[in-house]
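With numbering that gives the first Met the number 0, letter number 610 in the sequence shown gets 609, and the count goes up by one each step, no holes.
Hints are computed from structural coordinates only; laboratory data are not their basis. Positions of the beta carbon are idealized from the N, C-alpha and C atoms, including for glycine. Do not take every clue at face value.
Using 25 Å as the maximum straight-line C-alpha spacing, the simulated DMTMM-like pairs for lysine to aspartate or glutamate come out as follows [unchecked claim]:
1. Lys265 <-> Asp122
2. Lys48 <-> Asp122
3. Lys577 <-> Asp182
4. Lys403 <-> Asp342
5. Lys387 <-> Glu341
Derived CB-CB ranges, DEER-like [stated by the list, open to error]:
6. Ile385 <-> Ser581: 31 to 41 Å
7. Ala396 <-> Glu307: 40 to 50 Å
8. Arg134 <-> Val328: 40 to 50 Å
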Amino acid sequence: MAAKEQHNERTANRLITERSPYLLQHAHNPVDWYPWGEEAFEAARASNKLLLISIGYSSCHWCHVMERECFEDGSIAAVMNANFICIKVDREERPDVDHVYMSAVQLMTGRGGWPLNCFALSDGRPMHGGTYFPRAQWEQVLLGLARTYEQDPDRVIQHAERLRLGLVASNVVEPVELDSPLDRKAVHNAVRSLVPNFDRRHGGMDRAPKFPLPVELHMLLEHGLLANDQELVEHVHLTLERMALGGIFDQLGGGFARYSTDVIWKVPHFEKMLYDNAQLVSVYAAAHQHRPNELYADTVRLTLSFIEDRLTAPDGLWYSALDADTDGVEGRFYVWQRGEMEDLLGSEFDLAAAYFQVNERGHWENGDHILLRASDDHTFALSFGIPKAELRERIAAIRAVLMKARDQRTPPGLDDKCLTSWNALMVKAYCDAHYAFGEEAWSQRAVRGMEQLLSCCKRSDGGLWHSVKDGQAGINGYLEDHAFVIDALLALYQITFKESWIQQARALAEHAIRHYHDPVTGLFHFTSDLDPPLITRHREIADSVMPSSNSSFARSLFLLGRLCADDRYIASSARMEKAMRSQVLEHPAGHANWIRLMHQFAYPFREVVITGPDALRVRAGFHTRSVPNCLFAGATHASDLPLMHDRIGPDTRIFVCVDQTCQLPVTSTEEALRLLS
């Protein structure tokens with residue numbers, strides 16, 4: 000019988016009523032999975048069994064592999080069901096749970112990743128764990144742990160308590176009272192300490208696998224411009240160019256894969272995540288402002304087109320991810336056989352093969368080719384001996400033929416839940432793209448996205464829901480949801496001058512201060528005080544593939560303080576910077592967004608206030624210039640913002656202020672840009 004028929008005939012487990020696509024993928028496993036919740040903990044207490052907490056996400060390749068090898072195997076499932084209460088967790092739905100058990104596994108083994116499999120006592124205290132286990136090893140682990148717990152439960156309990164104490168200790172941030180101002184030179188030296196790890200040939204860091212790391216790229220570009228460090232700026236441009244030409248970027252349909260398995264950005268891990276693509280749009284937009292570049296513009300447009308085509312819900316929100324696998328084979332949807340392309344393209348194959356490197360350079364394995372490029376269109380047109388305009392026209396036609404054929408293939412799986420925090424990154428991406436390129440449609444898309452997000456995800460208590468699927472919102476929002484939405488609201492204000500966005504941002508900030516604040520350190524907890532407690536309540540402080548929720552919120556509090564003339568917000572932001580200062584300066588690689596916060600305090604901070612009937616038109620004129628460490632505010636008529644006090648009149652004027660000291664108003668964008676530079 001076919002595997003699919005067996006799957007359909009299997010009795011569903013408890014996950015069948017969940018909304019998470021990842022949990023639903025496991026709803027027909029023979030494992031008696033529970034969703035995370037009190038029912039599972041009660042079952043563990045009643046049966047005196049250990050918990051097995053298995054965590055992953057829908058587009059995770061190795062999660063699928065372990066499911067096929069272990070969780071769909073009847074004999075393995077029988078061992079799991081007999082000895083453990085098994086819980087499945089979607090890490091994107093429950094990042095709080097993921098953080099606790101990932102931290103535990105990292106303490107135990109020194110490494111982490113997904114799938115994450117952590118064994119715990121019935122009260123949730125972890126006692127053993129790891130990531131991917133092959134079938135034979137998994138069975139040994141299951142039987143060994145069950146035997147150990149049966150024979151010597153006291154030793155297991157003592158070990159779990161020691162581990163819990165270690166988790167608590169690892170999450171401690173000592174209160175810091177610093178009177179000394181932030182030293183700009185110390186910030187610069189910290190950033191410069193990253194330089195020896197640069198890959199000077201291919202961009203990024205000199206290691207594999209190689210992640211895009213948009214948070215780090217944005218920081219390096221911003222710091223290079225503020226500190227006049229051309230080496231940093233050039234490294235960012237090298238990285239962005241190599242990525243846009245590489246296999247990590249889908250050269251046909253647009254969008255970036257999560258990472259490259261090699262140092263040259265050739266072979267991607269084919270899953271596409273919304274959060275990566277949203278942030279990369281923002282970084283490419285910022286780089287284009289600094290150095291206008293056709294490749295960057297094409298990359299932004301193609302990525303946004305991919306997101307609208309493949310990751311957009313009917314209501315205008317954005318889905319989470321596309322899987323790496325198709326029919327159990329990684330990358331099948333994206334790769335090409337040479338003969339297949341020859342048949343489709345006929346006389347245009349030679350051009351396509353040269354342009355997309357359908358040769359030894361682009362060959363991957365088993366005759367499959369990953370489409371990538373060796374150069375930008377200008378360089379390629381010169382080498383191929385045709386005008387660039389003709390090249391772009393012919394390549395567009397080639398793309399259309401290949402896309403039509405590719406769309407006949409079975410598509411990768413779609414994770415169709417909409418996460419509040421990731422959707423906020425997407426709103427911010429459209430704001431940044433509009434700011435860099437001046438396209439009004441992108442401003443309108445940002446507005447529509449935020450309006451829909453708030454309509455779906457605003458709670459009656461003034462906070463946010465974390466996730467929405469099929470029109471139903473659920474899971475109380477985390478700090479990252481509030482921080483990222485506030486950041487997006489402030490970006491929306493700066494391109495629209497609509498003050499209701501500031502009011503919404505301020506209301507969410509007050510909610511976060513009430514329910515997430517840690518008065519001892521000045522930082523903020525990841526979870527609300529309204530949420531059921533886990534074994535530890537952590538503060539997310541490390542910047543990774545996304546900004547940490549604390550660094551993002553600290554940056555927004557600074558901006559809110561400037562916009563609203565509210566010293567409370569700036570004082571809170573400053574206290575957060577001081578709490579993290581020594582850690583950030585010692586370990587800048589894991590704190591890139593904190594360094595961007597330090598930029599706000601250590602380098603000149605600019606405010607551009609535009610008032611008068613043509614304020615929005617004048618604002619649009621700034622898109623041609625990169626102005627880091629700058630806040631835009633404006634009004635066409637009466638405003639309650641303190642920044643507008645005594646500044647609104649019949650004529651349109653531009654006020655340029657540096658560290659709250661303002662120049663005399665000017666009337667043209669060119670004059671304002673001269674003052675800014």
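Evaluated hints:
Taking the CA atoms of Lys265 and Asp122, the gap is near 45 Å; set against the 25 Å cutoff, the hint is violated. Proximity of Lys48 to Asp122 is assessed by CA-CA distance (about 11 Å); at most 25 Å being required, the pair is judged to hold. Taking the CA atoms of Lys577 and Asp182, the gap is about 12 Å. The hint holds against a cut of 25 Å. Straight-line distance between C-alpha atoms of Lys403 and Asp342 comes to about 14 Å, which keeps the hinted pair within the 25 Å bound.
Distance restraint check for Lys387 and Glu341: the Cα-Cα separation of roughly 23 Å lies within the 25 Å cut-off, and the hinted pair is therefore satisfied. Between Ile385 and Ser581, the C-beta spacing of about 57 Å breaks the proposed range 31 to 41 Å. A beta carbon spacing of about 21 Å between Ala396 and Glu307 contradicts the range 40 to 50 Å that was offered as a hint. Distance hint check for Arg134 and Val328: the Cβ-Cβ separation is about 19 Å, which falls outside the suggested range of 40 to 50 Å.
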